[in-house]
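Taking numbering that gives the first Met the number 0, I'd label the letters of the sequence shown as residues 0 to 562.
Don't read these hints as lab results, they were simulated from the structure.
Beta carbons: idealized from backbone N, C-alpha and C, even for Gly.
What you were told as hints is all true, and nothing was included just to trick you.
With a straight-line cut-off of 25 Å between C-alpha atoms, the simulated SDA-like cross-links for lysine to any residue are:
(1) K175 with Q319
(2) K407 with P425
(3) K462 with I450
(4) K155 with N94
(5) K391 with Y418
(6) K462 with L439
(7) K419 with C429
(8) K398 with N416
(9) K98 with P209
(10) K337 with S325
(11) K373 with G342
(12) K546 with C429
(13) K469 with L490
(14) K337 with H352
(15) K135 with R192
(16) K175 with E93
(17) K546 with R385
Ranges of calculated distance between the beta carbons of each label pair, as one might list FRET restraints:
(18) D79 with L436: 40 to 46 Å
(19) F473 with K70: 52 to 58 Å
(20) T214 with P388: 46 to 52 Å
(21) P388 with M494: 18 to 24 Å
(22) D404 with A368: 44 to 50 Å
(23) L490 with L439: 17 to 23 Å
(24) A333 with F473: 40 to 46 Å
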Amino acid sequence: MDQEKRVLAAFALSFLMLMLWRVFFVKEPPPKPSTKPNTAVATQPASQKPAAAAVPSPPLPPTLPVVEGSKTEDIVVENDLYKVTFSTRGAVVENWILKRYRDAKEAPLDLVDDEACGKLGFPMSLKIADEALSNKLNSALYVGTPTGTALEPPVKLEFSYSDGTVQVRKVFTFEKGYDLNAEVSVVEGGHYRPVEVTWPGGFGDHSLAPAIINTYAMGVYGAIGNLTTVAQRKLSADRSVPAPLQLAGLEDRYFAGIFVPDSPDETFKLGRQTWTPTDWSGKDSDKPSPIIAQLGEEGEKPLAFRMFVGPKNLDVLRAQHPPLDSLVDFGWFALVAKPLFLGLVYIYDHWVHNYGWAIVILTLLINFAMFPLKLKSIRSAQEMQRIAPLIKSIQDKYKNVKFNDPKKGRMNEEMMNLYKEHGVNPLGGCLPMALQLPFLYGFYRVLELPIELRHAPWIWWIKDLSAPDKFHPFGFPLPILPTVMVISMFLMQKMTPMTTADPSQQRMMMFMPVIFGIMFYNFASGLVLYFLTANMVGIAQQLLINKFMPMPQAVPAPAARSK
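When you get a sec, could you build the whole thing from the sequences and use the hints?
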């Protein structure tokens, strides 16, 4: 009906203009009949259109009611887990604070980088093919309407905007946990436009050093249990992820922002953004180029998705639908690492309520369980020590023989006959220790990844078991735990019999504690605590072994033949 009224009004206006032109500007014709076109128009039947209205204006697109906010306002959605601040300017997220966590500077943890987003755009910004329209919609004033309260979730927040031709609607529904449901639509000319929702400016704890951010900032996408991660520092070009897609988003070491599309046809893109920090002096010149995530709907329908924004806590992730616990990747030895982690959490929850002491107790249990293997390794080392003079005599016999000389084969044959004669397995000391390596790597993953150890204290100066031990009593870092660990390794070395008679290998073994100390200088203090505890247990075990299993008498080497 509105379209018909506009057409009739156009005809009426055209006819009125024609009559006014005739009255004021056209002279009266002579009385005789005339064949001029203007008199012909006057004598047309009433059912025909006037000549001036023969080319009407094209039909206009449907006019939408204008919906626009009057001023920039903040709308806060808050519960005991988070505080999310939306702005009616663009209907975007300005802050996403996780209330139970602190950043590296002990401030409330905000997953949105204000400085970067101020230049690159804020989370929940829109992107469509028309860049000018995208900019307009991301800077427009929306009308925000919240319903519900934190005490009675869900909390629904609806943003609306229309300039008369384009209509935008964003609806966010927050549940009890860290997840929300969202629906976004852009309508123009009576049709849905393809639209993308973006999270620009990076994600995670932005108070960390740039090198750490670059190490742990990731894009992630794929199917449940089969995720692909892309490190921020390795993302050299934009990457589009083909459908179908179960989840996609951004993560760092401890937190994740994950889109879960309602439709498998929705698209996902990852990209890098560049920006210049406010401190133009170059102080922050190594600021990382943040990663941007874009979830899109290419069909003519609203973009609908669920989103998880929160900690990578296994219990929290398992409670999601679908479960997101695959975001915590324990690596190749997950079969070992996961039970170790669950054991650590159990000890913390039911026994000591301190993750430092939980690490100590779990290390004791592991070492007691592995003691039979260690005992076998020590017995093998003692046997090797017993026949060391015989081994050395064979090595001296062939010491001048070149490596590629066939006589070297005879030396190896004599060595094997010696092992067989005395019932010694040359790998007997290595194999039991090698079986412990999966536990070592598994414990490394347990102490490196889970958020449970983030900012978890132990005693005195150890305030964060996930960070290196850097005690500052004199104004410079003093790594107490790594230093004590190196000393304990030297003690163990002195108490444990050497399995080799080769002087070069013995010298290398003597330097191993120093090498480990350098390696562990920047490792998480929780991991160093594990090694230190294991060494102290090893020293105690070695004392008992030396007391009750004394070193056997060495077999004397045969007398050298006289020339």
